[in-house]
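Start from the sequences and build out the full structure, keeping to the hints where you can.
2 protein chains.
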Amino acid sequence: MQNFKIENPTVLHFGRNVVRDLGKTVEKYGRKVLLIYGGGSIKKNGIYDEVMGQLKQINAEVIEYAGIKPNPIVEDVNAAAEKGKQFQPDVILAVGGGSVIDSAKVLSLAIPCEHSAWRIMINMAKPTTAIPLITVLTLAATGTEMNPFAVLQNVQTHKKIGYGNPLIYPRHSFLDPAFTFSVSRDYTAYGIVDLIAHALENYFGEGDASLSDRFVYSIIREAMEYGPALLDDLQNYDLRAKIMYAATCALNGLTVFGRVSGDWGVHDIGHVLSLMYDAPHGATLSVAYPAWLKLMKGRIPDRITQLGKAVFNASNSEETISSIEGFFKSIECPVRMNEIGINEDKKPEILDMMIKNKVNGVHYKLSKEDIGRVVELMY
Amino acid sequence: MQNFKIENPTVLHFGRNVVRDLGKTVEKYGRKVLLIYGGGSIKKNGIYDEVMGQLKQINAEVIEYAGIKPNPIVEDVNAAAEKGKQFQPDVILAVGGGSVIDSAKVLSLAIPCEHSAWRIMINMAKPTTAIPLITVLTLAATGTEMNPFAVLQNVQTHKKIGYGNPLIYPRHSFLDPAFTFSVSRDYTAYGIVDLIAHALENYFGEGDASLSDRFVYSIIREAMEYGPALLDDLQNYDLRAKIMYAATCALNGLTVFGRVSGDWGVHDIGHVLSLMYDAPHGATLSVAYPAWLKLMKGRIPDRITQLGKAVFNASNSEETISSIEGFFKSIECPVRMNEIGINEDKKPEILDMMIKNKVNGVHYKLSKEDIGRVVELMY
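Respectively, the protein sequence lines represent chains B and P. Residues 2 to 380 in our numbering are what the first sequence lists, from first letter to last. Residues 2 to 380 in our numbering are what the second sequence lists, from first letter to last.
Please note: incorrect hints may appear among the correct ones.
All copies of an identical chain are treated as equivalent in the list; a pair is satisfied when it fits inside any one copy or across any two copies.
Derived lysine-lysine pairs resembling DSSO-like cross-links, with alpha carbons at most 30 Å apart [stated by the list, open to error]:
| no. | residue 1 | residue 2 |
| --- | --- | --- |
| 1 | Lys44 | Lys6 |
| 2 | Lys330 | Lys84 |
| 3 | Lys366 | Lys160 |
| 4 | Lys6 | Lys57 |
| 5 | Lys29 | Lys127 |
| 6 | Lys6 | Lys33 |
| 7 | Lys330 | Lys310 |
| 8 | Lys6 | Lys29 |
| 9 | Lys84 | Lys357 |
| 10 | Lys45 | Lys6 |
Note that these hints are calculated values from the structure, not bench results.
This is how it looks when you write it as structure tokens:
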């Protein structure tokens, strides 16, 4: 087991009506609030009104930045940062899913910093301070509500990258499972894929951490047991709650403590597909994970089989991989490129972009040939 | 699932040589240190010297309170508080196992408070502040290093009770598995029982929390897989690490989030036995748990069977209970009263003391008849 430190400052408020504590929580940091959200679905489902009601109670002075895209772009963060530099908020309030919260995280560094958001993300600037960030989660998937990571893409340079900094842990995150009731069936399924993928990325990380392995199995089994039931009953509070909590646990540290790091090669692959074809993140992962596992079958058969035995009652790596692929199919997620509308003729440009984006795993390195094989295996 | 909040401020430093960061961590809180420890084993195994070396590096002014007993008593805390009130430490440094850390936790409240330690524990005084507490753990068992709980006994009133207060989370806990190398085989086994018992107390708590259930299974399986190996190889760093981390996870919140609370009836039973006969905590639990489960077999057979299916491949509650009892026996922990030297003639006085101490579960209430039956079942 590797040395590790557990230090997670995010206060997670989980359950029914937890947002009734939002106003007084915001107030601890001040009354000038920069509210950031996405395409406006929160105005349809009542969440916007509920949040604004809380802010009204504390007489908050609010400015808004709306329109964060499902595949979030750094250009939005720069635009929001300009607003923020003028307004000088005491607190940033992000209401949305991973795209909104990840944008808000980088924004929290960019407002008090002289450099652009992208320079921060590529580590050309070293921010020393962040505006306090509070989140209200509306989509169970990325785990960003309780971790120090963000993923954004740059339209100009055509890159999509991850970034981590302890300064960007949300101070508080409010998770009311009922706030995810209006998430569509397909995006609910993508969220399930995403949380499973996070557990897997850490499982395939470097270093022996047996209890973290068991937590991975626990989270995947939870998602596999209750995910399909949820897809048939999208307004079921308890099922929404189970998936929401599982998504947080998949990437709040629990699945990696005692390892050197996770792998993240499959996310790298997925990011390129999102970047090129604006494909939903979860859909890219349900295509890429089976392919990556098939590539790795000869290299790490025992590790794959260990997972299969623990989670799927599988007896070898073949069965493990077909169980994972079968589960993704069973919840109607794509497992081949043509299912997300990316035809065979795109292979050369995909390969080029993967190489340009330096797609790789932290633990299991991917050669140019490996990437070529993964691309083939996704078809 | 019940609403819950995750807010654990303890920074856990886990791994080889983590104590090299102790000095600079203490220094953040100040240089006046009240050092508290137990019977002096830390002077034999070198831990005392290592800790003092760290304190010397920051020119700390140190006073000591030594001699905390394995079954810790509130009288020691009061004596330490008198020293502390004169010295006015900036920080309390607890070096030891659960007994030392639990004493230090109540001490951290008692020094700045006008009331006695016991009045704090029985909620007759409501402390509003605590001296910052830093711990160096030398025994894997209680999980106290990352939670807000303490258990102490009162020699005078002959009671042993638990207490909880968010103010007593340690600010930092240093866990070097090598610091547990010198723990004897029997106390190592008691620690394994203790951590399993904590997972079980939460499993048998009130409320449906499926992912927390899975974390319970994970922790128990980890302890059952690696515990016996550790008992045959006490200086094995990696096995020590696995058990140490499992013990932390058993009682840092992970096994209870989403429930109303744990049950804690078995701990209540065990505390009475420790109180009366100075029996080691873990040994009382390996006797009491099988008895409690046998009592509950008719009441909650499905819940017991669910555990057995997940952890022991058992098919009913009988098999589950005999698997748990069998495991405790296999690691040479007592499962009957006579094995801890408490003979049949003690039954009446035990029953009396249990009733006087109001032994009960939070979730599964114990009538006088239930307690009588548990006492019988422990023989």
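Going down the list of hints, with the structure as the test:
1. Only between protomers do Lys44 and Lys6 lie at most 30 Å apart by alpha-carbon distance; the minimum there is 27 Å, versus 40 Å within a single protomer.
2. Taking the shortest Cα distances, Lys330 and Lys84 never come within 30 Å of each other, neither inside one copy (43 Å) nor across copies (67 Å).
3. Within a single copy, Lys366 and Lys160 get their C-alpha atoms as close as 19 Å, which meets the 30 Å cut-off; across copies the closest is 60 Å, which misses it.
4. Proximity of Lys6 to Lys57 under the C-alpha cut-off of 30 Å is restricted to the inter-copy arrangement: shortest distance 24 Å between copies versus 39 Å within a copy.
5. Taking identical chains as interchangeable, the C-alpha atoms of Lys29 and Lys127 lie at most 30 Å apart whether they share a chain (27 Å) or sit on different chains (24 Å).
6. Proximity of Lys6 and Lys33 under a CA criterion of 30 Å is satisfied inter-copy only: 26 Å between copies versus 34 Å inside one chain copy.
7. In this homomeric assembly, Lys330 and Lys310 come within 30 Å of each other (Cα to Cα) both inside a single copy, at 20 Å, and across copies, at 28 Å.
8. Proximity of Lys6 and Lys29 under a CA criterion of 30 Å is satisfied in both settings, with 28 Å inside one chain copy and 18 Å between copies.
9. For a Cα distance limit of 30 Å, the shortest separation of Lys84 from Lys357 qualifies neither inside one copy, at 33 Å, nor across copies, at 66 Å.
10. Only between protomers do Lys45 and Lys6 lie at most 30 Å apart by alpha-carbon distance; the minimum there is 28 Å, versus 42 Å within a single protomer.
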